[in-house]
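J.: If you're matching them up, the sequences are chains W and S in order. Just so we're aligned, residue 1 is where the first sequence starts under our numbering, counting upward by one. Just so we're aligned, residue 116 is where the second sequence starts under our numbering, counting upward by one.
If you're looking for bench data, these hints aren't it; they were derived computationally from the structure. The reader is advised that the hints may include incorrect statements.
[Unchecked claim] Here are the simulated DSSO-like cross-link-like pairs (lysine-lysine), alpha carbons at most 27 Å apart as the crow flies:
{"hint": "1", "chain 1": "S", "residue 1": "K170", "chain 2": "S", "residue 2": "K183"}
{"hint": "2", "chain 1": "S", "residue 1": "K192", "chain 2": "S", "residue 2": "K160"}
{"hint": "3", "chain 1": "S", "residue 1": "K183", "chain 2": "S", "residue 2": "K160"}
{"hint": "4", "chain 1": "W", "residue 1": "K78", "chain 2": "W", "residue 2": "K59"}
{"hint": "5", "chain 1": "S", "residue 1": "K170", "chain 2": "W", "residue 2": "K57"}
{"hint": "6", "chain 1": "S", "residue 1": "K160", "chain 2": "S", "residue 2": "K170"}
{"hint": "7", "chain 1": "W", "residue 1": "K3", "chain 2": "S", "residue 2": "K160"}
{"hint": "8", "chain 1": "W", "residue 1": "K53", "chain 2": "W", "residue 2": "K78"}
{"hint": "9", "chain 1": "W", "residue 1": "K78", "chain 2": "S", "residue 2": "K183"}
{"hint": "10", "chain 1": "W", "residue 1": "K59", "chain 2": "S", "residue 2": "K160"}
{"hint": "11", "chain 1": "W", "residue 1": "K78", "chain 2": "W", "residue 2": "K3"}
{"hint": "12", "chain 1": "W", "residue 1": "K53", "chain 2": "W", "residue 2": "K3"}
[Said to hold, decoys possible] Simulated restraints on C-beta separations:
{"hint": "13", "chain 1": "S", "residue 1": "A221", "chain 2": "W", "residue 2": "E85", "range": "14 to 20 Å"}
{"hint": "14", "chain 1": "S", "residue 1": "A221", "chain 2": "W", "residue 2": "G52", "range": "31 to 37 Å"}
{"hint": "15", "chain 1": "W", "residue 1": "E85", "chain 2": "S", "residue 2": "L155", "range": "23 to 29 Å"}
{"hint": "16", "chain 1": "W", "residue 1": "K62", "chain 2": "S", "residue 2": "G131", "range": "24 to 30 Å"}
{"hint": "17", "chain 1": "W", "residue 1": "G16", "chain 2": "S", "residue 2": "L202", "range": "41 to 47 Å"}
{"hint": "18", "chain 1": "S", "residue 1": "R171", "chain 2": "W", "residue 2": "Q64", "range": "41 to 47 Å"}
{"hint": "19", "chain 1": "W", "residue 1": "A102", "chain 2": "S", "residue 2": "Q141", "range": "18 to 24 Å"}
{"hint": "20", "chain 1": "S", "residue 1": "T120", "chain 2": "W", "residue 2": "K3", "range": "37 to 43 Å"}
{"hint": "21", "chain 1": "W", "residue 1": "N51", "chain 2": "S", "residue 2": "H154", "range": "30 to 36 Å"}
No experiment lies behind these values; they were computed from the predicted model shown. Virtual Cβ for every residue (Gly too), placed ideally from N, Cα, C.
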Amino acid sequence: GPKVLQIPSHQIIDMGQMVTLNCDPVSNHLYFYWYKQILGQQMEFLVNFYNGKVMEKSKLFKDQFSVERPDGSYFTLKIQPTALEDSAVYFCASSLNPGGIAEQFFGPGTRLTVL
Amino acid sequence: GDSVTQTEGLVTLTKGLPVMLNCTYQTTYSPFLFWYVQHLNEAPKLLLKSSTDNKRTEHQGFYATLHKSSSSFHLQKSSVQLSDSALYFCALSARGSALGRLHFGAGTQLIVIP
């Protein structure tokens, strides 16, 4: 079936550095999402994105976070600067249709460790 | 706000027995409910979804019925297999979100033993 890829699978960085998490969504999908899962906690919505714009974001989507998808390439989540509390697994998802009963296809996640 | 509750963190069962994983939700909007399954080191994959009250939906031997009266969408299977060992997430998308932000439960780890 359709697959979402995430690169890298693991990333370790020092606090204060910048990190970019990359997502390769399903090729014909138009709607993109990032979710964050801290170890032992539930997955939580960060942001969704359509037509080059952030449509919705949660309170977890801090000012240090940004997303973009330049020219149909990777959908990226950038954190600058990073903080210790950013350590988590970040899941990317994409969907063909918006909202409602539409299926979101998930990637396997990027495990980010901030030291 | 919208939320999902999964009461069991870990369920351990012997192969061939039935299972029910609980999921209840809260929302003031019309709900869309999902079950995702995540095997070790893999991406979460959609197992079931529903927005129709009191209608059973089935896939790969798993089934669930959305009951709006009790705000529930419990996942069941009549006979679990070793390959069903995985992490199961219940998720809610409410009509108040234009692009369908999902609210996840904490997840239930299902372990099936021989």
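J.: Each hint: holds or not?
T.: Tested hints:
1. S:K170 / S:K183: 11 Å, holds
2. S:K192 / S:K160: Roughly 17 Å separates the two Cα atoms, so the pair holds.
3. S:K183 / S:K160: 24 Å, holds
4. W:K78 / W:K59: Holds, at about 16 Å.
5. S:K170 / W:K57: Between K170 of chain S and K57 of chain W the Cα gap is close to 32 Å, so the pair fails against 27 Å, i.e. violated.
6. S:K160 / S:K170: The given pair, whose Cα atoms are some 22 Å apart, holds under the 27 Å limit.
7. W:K3 / S:K160: 10 Å, holds
8. W:K53 / W:K78: Answer holds: K53 of chain W to K78 of chain W is near 15 Å, not above 27 Å.
9. W:K78 / S:K183: This hinted pair is violated, its Cα atoms lying about 39 Å apart.
10. W:K59 / S:K160: 26 Å, holds
11. W:K78 / W:K3: The given pair, whose Cα atoms are some 22 Å apart, holds under the 27 Å limit.
12. W:K53 / W:K3: 23 Å, holds
13. S:A221 / W:E85: 14 to 20 Å: 19 Å, holds
14. S:A221 / W:G52: 31 to 37 Å: 34 Å, holds
15. W:E85 / S:L155: 23 to 29 Å: For E85 of chain W and L155 of chain S the Cβ distance comes to about 26 Å; the hint holds.
16. W:K62 / S:G131: 24 to 30 Å: This hint is violated: roughly 48 Å between Cβ atoms.
17. W:G16 / S:L202: 41 to 47 Å: At roughly 33 Å between Cβ atoms, L202 of chain S and G16 of chain W fall outside 41 to 47 Å, so the hint is violated.
18. S:R171 / W:Q64: 41 to 47 Å: 45 Å, holds
19. W:A102 / S:Q141: 18 to 24 Å: 21 Å, holds
20. S:T120 / W:K3: 37 to 43 Å: 30 Å, violated
21. W:N51 / S:H154: 30 to 36 Å: 33 Å, holds
Hint compliance for this structure: hints 5, 9, 16, 17, 20 are broken, all remaining hints hold.
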